[in-house]
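Each chain is listed here by its residues.
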Amino acid sequence: MNGADARGWRIALLPDALVNPRDASRAALPDVLGILEAAGYGVLQLPPAGDEGPLLAVIADQVAEYAHHGYAVAAVGVLGEPGGGLHWRRLASLLQHRGVALPPRHLVRAQADTAAEGGKLAAFLADYDLPVEEQRRWRV
Amino acid sequence: MTHAEPNEGGMEPGVNQDARRRVALIANCLLNQNAKVCEGAHYRGVVSPVVQALRSRGYELQQLPCPELAFAGARRWWAVYEQYDTPAYRAHCRRLAQAIAPRIEQYLRRGDEVILIGLDGSPSTGVRFTSSKPDWGGRPNRPDDDWDIVPGRGIWIEELEAELQRRGLPSVPATGWALDMGRFDEAGSRWDLEEFLDSREAAARPDKDPAES
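Here the protein sequences line up with chains A and B, keeping their order.
All residue numbers for the first sequence refer to our numbering, where the first residue is 1 and numbers rise by one.
All residue numbers for the second sequence refer to our numbering, where the first residue is 1 and numbers rise by one.
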């Protein structure tokens with residue numbers, strides 16, 4: 001990849017509830033989108049439960065493409081939501097059909113100390129990447 | 001699928017205006033620059049000025065799928081409008097449009113204010129401008145800046161709008177973040193986007209002095 005390109009090579013799957021927290025939950029959650037932005041992650045937004053339809057398969061195609069070409073894909077969900085709000089079971093099946101394992105997942109706790117939760121998420125994001133050999137293979 | 005006919009604004013009769021939300025449909029790469037073609041990423045991940053401008057005005061974000069990544073892959077060559085203007089690519093874009101359209105339809109029939117922020121200069125996601133060079137093709141060895149920026153939609157936006165029209169939905173006000181215009185000017189792009197958003201707010205303001213109109 002040319003030096004003029006700024007991409008961060010890391011992407012997080014994110015439930016709609018964390019991209020667009022409702023007023024009631026905004027104060028109860030860290031600003032996950034802001035934390036991802038600061039950590040240099042791109043975001044793939046997942047639809048809310050019940051609205052996923054064929055959109056989840058479209059997103060799985062994208063995840064597979066990234067996973068096969070040197071990008072680190074993680075998932076950030078909400079503790080207590082079914083599947084973390086990430087359609088985890090369906091996603092597992094869709095990714096398996098595309099030859100890709102489920103990405104590492106971090107769950108944010110709502111109604112907790114938002115600064116502490118934000119710190120834990122930032123640490124998870126900072127620690128995660130592909131092994132150096134994989135990075136060298138693709139990110140040139 | 002059958003639907004109640006929306007009124008002039010695309011809204012279901014009896015929708016509560018107070019619950020009206022603001023939703024911005026945004027190009028995939030505005031939340032994820034990793035979707036860009038090689039050398040096209042100007043940010044590590046999220047395009048912060050766009051997200052900031054939208055969130056500060058109360059817009060919810062709805063990311064659109066990236067048609068190029070799923071079709072031609074993460075390591076695709078650069079391309080112009082004419083190269084993507086094929087029956088197969090249009091069919092792919094229609095499939096993606098059919099996947100995301102139910103979400104958009106839900107917003108519009110609920111009476112939400114919906115806008116679209118694409119990527120000006122893109123062969124797929126351009127809104128006001130797209131890229132053109134009818135003679136591009138073959139061995140990818142074109143010199144720098146050997147393409148034209150021309151007024152018009154990209155293929156993906158054309159197909160998305162066609163899908164919304166097929167569903168009887170009103171057109172969505174749209175603009176583009178000028179990332180693919182050759183030389184990217186962040187300050188100019190920000191000014192342009194904010195002007196578009198502020199003009200939407202001014203148009204929607206209910207307390208406008210009748211004497212002004």
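I should point out that these hints are in silico values taken from the structure, not numbers from a laboratory.
Heads up, a few of these hints could be off.
Unchecked claim - A partial selection of chain A residues facing chain B, derived with a Cβ cut-off under 10 Å: (1) L29; (2) L33; (3) D51.
Said to hold, decoys possible - Beta-carbon label-pair distances, calculated as ranges: (4) A/A27 / B/P170: 20 to 28 Å; (5) B/G168 / A/G53: 31 to 39 Å; (6) B/C38 / A/A57: 21 to 29 Å.
As the list claims (entries may be wrong) - Reference listing, derived: stretches of chain B covered by chain A, where coverage requires no fewer than 3 residues with Cβ under 8 Å from a Cβ of chain A: (7) 40-47; (8) 109-122.
Please read these numbers as outputs of a predicted model, since none were measured by experiment.
Glycine is no exception: its CB is placed at the ideal position from the N, C-alpha and C atoms.
- Does the Cβ pair B/G168, A/G53 satisfy 31 to 39 Å? Check failed, 19 Å falls outside 31 to 39 Å.
- So the hint says 20 to 28 Å: do the beta-carbon atoms of A/A27 and B/P170 match that? Given about 35 Å between the Cβ atoms, the range is violated.
- Message: Using a Cβ cutoff of 8 Å, are there at least 3 residues of the region 109-122 of chain B near chain A, or does the coverage claim fail?
- Response: With 0 residues close enough to chain A, the hint is violated.
- Going by Cβ atoms only, is A/L29 closer than 10 Å to chain B? violated, 14 Å
- Query: Per the CB criterion, is A/D51 less than 10 Å away from chain B?
  - Reply: holds, 6 Å
- Message: Just to be sure I understand the hint, the distance between the Cβ atoms of B/C38 and A/A57 should be within 21 to 29 Å; is that true here?
- Response: holds, 26 Å
- In terms of beta carbon proximity below 8 Å, does the region 40-47 of chain B have 3 or more residues touching chain A? Since 7 is at least three, the answer is holds.
- Interface hint outcome for A/L33 [beta carbon to chain B under 10 Å]: Holds, about 7 Å.
Consistency note: the structure conflicts with the earlier hints numbered 1, 4, 5 and 8.
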